[in-house]
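Chain residues, written in single-letter form:
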Amino acid sequence: MNVTKLKENRAAYLFLTTGCVCLLIGMGMGLFVALKFLFPLLGEYPLFSFGRIRQAHTNLVMFAFLLQVDIGIMLYIIPRLLHTKLFSEKLGVATWAVYNVAVGAGVIRILMGINQGIEYAEIAPPFNYMIVLAWVMLLVNIMATILRRTVRSFYVSVWYVVGALLWTAVVYITGSILTQYTTGLNQANLSWFYVHNAVGLVFTPCGLAAAYYLIPKVLNTPIYSHKLSLIGFWVIAFTYCWTGAHHMIHGPNSYWLETVAILFSWSLIIPVMAVVTNFLGTYATAPRATRFKTAESKLLFTGTIYYLLTCLQGPFQAIRTVNTVVSKTDWVVAHAHMALLGAFGLIAMAGAYYIIPRIVKRPLYSPRLANIHFWMTFVGLLTFMFPMYVSGPMQGLAWLNIERTFLEILAEQRWVWMIRMHSGALILLAQTLFFYNLWETLYGKSYFMKPIEEKVA
Amino acid sequence: MQLLTERNIAILAVGAFGIFSVGVFCTTVLPRFVDRELMDPKPNMRPYTEQEARGRKVYLAEGCVYCHTQQIRHLKSDQKRYGWRLVDAPPSKGWEYAYDNPHFIGTKRTGPDLGRVGGKYSSEWHWSHFKNPRDLGEKFRNLPESKMQQASIMPSYAYLSDEQIKDLTAYIQTLGRNVNWRKDKDGQLLNDYEE
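Protein sequences, first through last, are from chains A and B. Those letters in the first sequence? Residues 1 to 457, by this note's numbering. Those letters in the second sequence? Residues 1001 to 1195, by this note's numbering.
Do not take every clue at face value.
[Unchecked claim] Which residues of chain B face chain A? A partial, calculated answer using Cβ under 10 Å:
1) Thr1028
2) Asp1035
3) Thr1049
4) Glu1052
[Unchecked claim] What follows is a list of derived Cβ distance ranges for each label pair:
5) B:Arg1134 x A:Phe292: 46 to 56 Å
6) B:Met1045 x A:Phe48: 29 to 39 Å
7) A:Val379 x B:Met1045: 48 to 58 Å
8) B:Lys1076 x A:Leu42: 54 to 64 Å
9) B:Arg1134 x A:Lys293: 20 to 30 Å
10) B:Ala1010 x A:Thr259: 49 to 59 Å
11) B:Ala1010 x A:Leu42: 52 to 62 Å
12) A:Leu47 x B:Lys1076: 40 to 50 Å
It should be emphasised that the hints constitute simulated quantities derived from the structure, not laboratory data. Every residue, glycine too, gets a C-beta built ideally from N, C-alpha and C.
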């Protein structure tokens, strides 16, 4: 491998490839969790107890895969959008090292039973402080890159990256550190602020920054509307963070805060529709022949549709009567997977497909395999989520009928866990193809192929 | 059309951060002051004993919160389902969590809600349930023996030490007892903690 060539995008390369490896581990954990629902006796060791591997699964897929790949994409697109080089590759590689040690060690400690007990912020000190450190290093690196840009104005992706860098810092510090100095309901407010905004103000801006860069590139078509980009960004910045309390509707929280959260959940439809219209408009104006040709374009399109669906579900789930039925059921599990895997996970995969070959300047090993990967993931996701969208409300309605025992209702859910486990296995299998494809691109036969030309942004 | 925010990094950053912090303030800081009444402990509440606090640590380490919520919602179905011998469970109040760090309010009910489970079952029952949830013993005496008795998907916690199970049980028995709500058939309140 030619090291001098790699030098320039070293940090982005490390983040992207490590993220893709962690995807396999994280999803493997997920499959293990799914199996435990069917065979609770499987792997009866403290290390693999349900409560622990469930946390390992969420932390690995969120931080080791999704955020990691998103950072990689960010480090690649920002210099290109601003016609400059990354401020410091060394700092970037150091960030990668700190971040991965922190997440890796944090997850191992979770398996050992050391966690903070705040959902999605289980990684305990000192490793959560290390994640904050890594984030600050990234922030410095990107901001310094922005300051030495050679173009005057920022493209949409740059707004989202700047937003993501600042919001994530506050959101993560609130959820992971400030919660530790509060108790009870007050802490619950902070922790649901965090849970909601980990998706809304960490993964959403990172994913949208990537999509705003990738969709026009992949389709070779300019973004549909500048005004919609503006509306989408500024309304998200204002409205997203208000909605944390919709996670405990009918619960112990105060009524006014619940109502505020519900109203703001509805206001989220505005930015989401702006963004989605913008993306779909770009698809609609792209040349027909190339619109859905590559796996990247399919992944980005599916990601956009799932982004729309998940963000319409959100406000509906927040209606008090709907919430009475679906809250606390398997519906919620499907909703979470739709947002993080269906929308932002797929966009991140498109990013890996697009960027990794360009960094190593070799074509993707097999575009056909990438298509197979897409279709398997697509089918796997459908059969993963939609059974739960049926069984969740069934479970919720059954719980409303107090004549029926909890255990009876539990036993009836088995069929859906069976389907979920198989679909999960299919998704994981698809990711091994993804991994194989990237592996061959980096180390395989295509090494001898003609290098691809990189178009300047 | 190009806004200043698209050219000046300081204005972009301050703008994006500024309008975001309004919502942050109103949903995380403000409730602490407006809802003080709801959040602060009531005078008759007692903090956890050392043993109960150890039990909470086990609950935390094992991630019980990912299967069990601790909140009786303001819904008739919750109050009846998690009630006790025809007495409805009162909805959970914010102040009942005042000594909880971390809180275990939870979002997912793979298992039943534990918000008011304290005192419902004997500590012996919990002991054998933690050792082997696939044998529910007399809790479901009138369920069809074979299938339902085996239906639980709760992990077995036989790997915990006897001490840990005792601590955990002590904690479980406190749940929801800040409100004295269980009555016997003569209407007498029962809030006897077992020793």
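Consistency of the hints with the structure:
The beta carbon of threonine 1028 of chain B comes within 5 Å of a beta carbon in chain A, closer than 10 Å, and the hint placing it at the interface holds. At about 5 Å, the closest approach between the beta carbon of aspartate 1035 of chain B and any beta carbon in chain A falls short of 10 Å, and the interface hint on this residue holds. Here the hint on threonine 1049 of chain B is broken, as its CB sits about 17 Å from the closest CB of chain A, past 10 Å. Nearest Cβ of chain A to the Cβ of glutamate 1052 of chain B: about 15 Å, over the 10 Å cut. The hint is violated.
Evaluation of the 46 to 56 Å hint for arginine 1134 of chain B and phenylalanine 292 of chain A yields a pass: the beta carbon distance comes to about 50 Å. The given range of 29 to 39 Å is respected by methionine 1045 of chain B and phenylalanine 48 of chain A, whose C-beta atoms sit roughly 37 Å from each other. In this structure the supplied range 48 to 58 Å holds for valine 379 of chain A paired with methionine 1045 of chain B, their Cβ-Cβ distance being about 53 Å. Here the CB-CB span from lysine 1076 of chain B to leucine 42 of chain A is close to 38 Å, at odds with the stated 54 to 64 Å.
Remark: the range hint 20 to 30 Å for arginine 1134 of chain B to lysine 293 of chain A is contradicted by a beta-carbon distance near 53 Å. For alanine 1010 of chain B and threonine 259 of chain A, the hinted distance range of 49 to 59 Å is not satisfied, since their beta carbons lie about 36 Å from each other. Distance hint check for alanine 1010 of chain B and leucine 42 of chain A: the Cβ-Cβ separation is about 55 Å, which falls inside the suggested range of 52 to 62 Å. Between leucine 47 of chain A and lysine 1076 of chain B, the C-beta spacing of about 41 Å keeps the proposed range 40 to 50 Å intact.
This entry does not satisfy hints 3, 4, 8, 9 and 10, going by the numbered hints stated previously.
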